[in-house]
Amino acid sequence: MKLVCSQSSLSTHLSLVNRAVSSRPSHPVLANVLLVADEATQQVSLSAFDMSLGIQTSFPARVEEGGKLTLPAKLLSDIVTRLPDGDILLDEGSEQETNYLTTLTCASGRYQVRGMGAEEFPELPQIEDGEAVDLSVDALSKGLQGTLFAASSDETKQVLTGLHLIIQADGLEFAATDGHRLSVVQTAEEEESPAKKDADSSGLSVTIPARALQELAKMLDRQAETKIQVQFDETQAVFQWPDHRLTSRLLDGQYPNYQQLVPRQFVRQLTVERRLFLSALERIAVLADQKNNIVKLSLNSTDQELTLSVDAQDVGSGREVFPAQITGEDLDIAFNVKYLMDGLKVLNTAEVQIQMNTATSPAVMSPVGGMKMTYLVMPVQIRS
Amino acid sequence: MNYRKIIHIDMDAFYASVEQRDNPAYQGKPIVVGGSPDKRGAVAAASYEARKYGVHSAMPSRTAIQKCPHLIFVKPRFEVYRAVSEEIREIFARYTDLIEPLALDEAYLDVTANKLGIPSATWIAQEIRAAIYHETHLTASAGISINKFLAKVASGMNKPNGQFLITPAAATEFVETLPIARFHGIGQVTAHKLQQMGIFTGADLKQWSEAELVQRFGKMGAHYYRIARAEDHRPVNPNRERKSIGAEKTFEVDLEEWDALSAELTAIAQKVEARLAARQAAGRTLTLKVRYANFQLTTRCRTVATWLWQAPAIAAIALELLASIDLSQQKVRLLGITLSNLGSPNSTEPSYQQLTLEF
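Chains as they are written, first to last, in UniProt numbering: chain F, 1 to 384; chain B, 1 to 359.
These are computed hints drawn from the structure, not numbers from a lab. One or more hints might be untrue.
Stated by the list, open to error - With a cut-off of at most 27 Å between alpha-carbon atoms, the simulated DSS-like pairs for lysine-lysine come out as follows: (1) B/K243 with F/K291; (2) B/K206 with B/K193; (3) F/K157 with B/K243.
Claimed, not checked - Computed Cβ-Cβ distance ranges for the label pairs, DEER-style: (4) F/Q112 with B/G185: 50 to 60 Å; (5) B/K193 with F/V262: 51 to 61 Å; (6) B/K193 with F/N99: 56 to 66 Å; (7) F/S279 with B/R77: 42 to 52 Å; (8) F/V315 with B/E358: 29 to 39 Å; (9) B/P238 with F/P25: 34 to 44 Å; (10) F/K218 with B/E358: 31 to 41 Å.
Values in this document were obtained by computation on a predicted structure and should not be read as measured data. Every residue, glycine too, gets a C-beta built ideally from N, C-alpha and C.
Based on the provided sequences and hints, a complete structural model is requested.
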């Protein structure tokens, strides 16, 4: 393999695929990134795969000699990011003689890195005959942003570390929960979208590790396509768009039947200005962080006021009062302040609505107008 | 020379004995108090009948049932144990106010100047054990000596329902012949390390200079130096309040596989549960300690809204913290879990419970 490419594209693409390099590789080659140079198309593709998440990207280069090779991902990217702007010549030399000792030459100097053969590098999963659906990038980004934060980061909780995606003829439904809160976003597909044609009426549902989708969300942020294709089979999901491919294993196990958790009726309702509420909570959180993250909300319907208070024993306390539209009887209810802030950060409307029944039953936060999002938070019960 | 008179009282298989006392069906049977085996619980206490099968406290309940298939699991009743513990403490208070409780079932007493003016600490220990039996129908063992270290070792000598005196004159010889593994405060790994240094008894330990021991074992080295000479100047401290409770384990062989690490961490969490249970405590801040093969130390901590005192909850958070640490560069030499921000889960202070969704 011999090719010339710009430092900036190599560096950018390495940082993309690096996210799929295993931190605990089960095989040495998985600590490497696979480089494939194609003389005919004058493209280089990079792949990394930790046996769960796989990322492949390609970019144009002057390929003088095609070939395949793997190089240690961390080392390569640590070197390349520090190289000066300009062209890099990457030369594998003759395989038999050099034993994968690859030379990087740039304006400032030369580096040699020992690689490994490409034969042992596992292929990223391919889906032969799973269903293919085109999704709107906008809808996908919104759905991911509105739910990913609620997925569990506790690896022992299996299916809850994933995001549940339902593809229906009329749109997508995203859901994530960690057992304490649940976020559900529904996005509508425009008329005549390919999704409508391809997905059957019963809908298609899968649970994808949140970690893979966090990477997908970051990648989607930085590209200009409006549609991407997704394919599923029993065990894998593959997202692809020009020059990019992200594959992820699916999580097995029954995803909780979350729709039944959302109460149908509420006896109390609170409408507040989102920014005002969020910034007050951010101040409260300074003290709540010191102890147990608990914020108490007191609803006063007579004065149409919401009081936030924090009592971090032995550390300090705080209290803020601001106007709110409140219906229903007065109530004191406590929450993990982080859970409230997480929801308020992704709801992008000027006002939000919180519906409640009692101090020990689920509260549901939703935007006033705008996207269709339901964020359910379980309160913290205070026993004295 | 004026010697102190220190007694270490240790209730025999305390929780298990309380359960056997209160439920005739358990008498003479192998029982353990603790979590049931299907919930990944740990043994908090084992009756002497259960100990014959090799069941001991801090053992995972699942292992316990394997060792003794007809083992009876009893749910702990901490309010009862605490009440009994208070009865016993009142008995102690008839003799001295210098009482340092180590747990619900264990305490040091300084009876050098006791309220009844009894000159013999052996008599006092005798009377205390008799009063405990008379008033609670439970048995206790006692160790009597001139400092805490010796008293503690002594209370284990004639267990159960016995006592042992180490006189000032006998102290030196006693420690010299004591196998290193029986020194209180020297754990398995340290004992192993000492044995590799050719130290098998107190006499062997005595051959090493303080500087050498400090160099090898840090601050503890100075303590080892003194206890090898039967010296322990720590006072009986009635106000000692623990700020944290934890457990840690140094591995015989450094670990790197996730499965092995998580299994060890789960076992440590069970030990922490047992130690918390012994003090009727719970914590809200969990600190995970990781020492790498190169001795570099990393910690991660998390404070939660709910009281932590059960092994599965402790293990879940510890594992989550462990997963956040980059373990790819170095093997792991030691793992530890400590709970701080301690309190009692059923005290009068408001308790907070994050409610969960019922899927």
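Structure versus earlier hints - violations, ascending order: 3, 6 and 9
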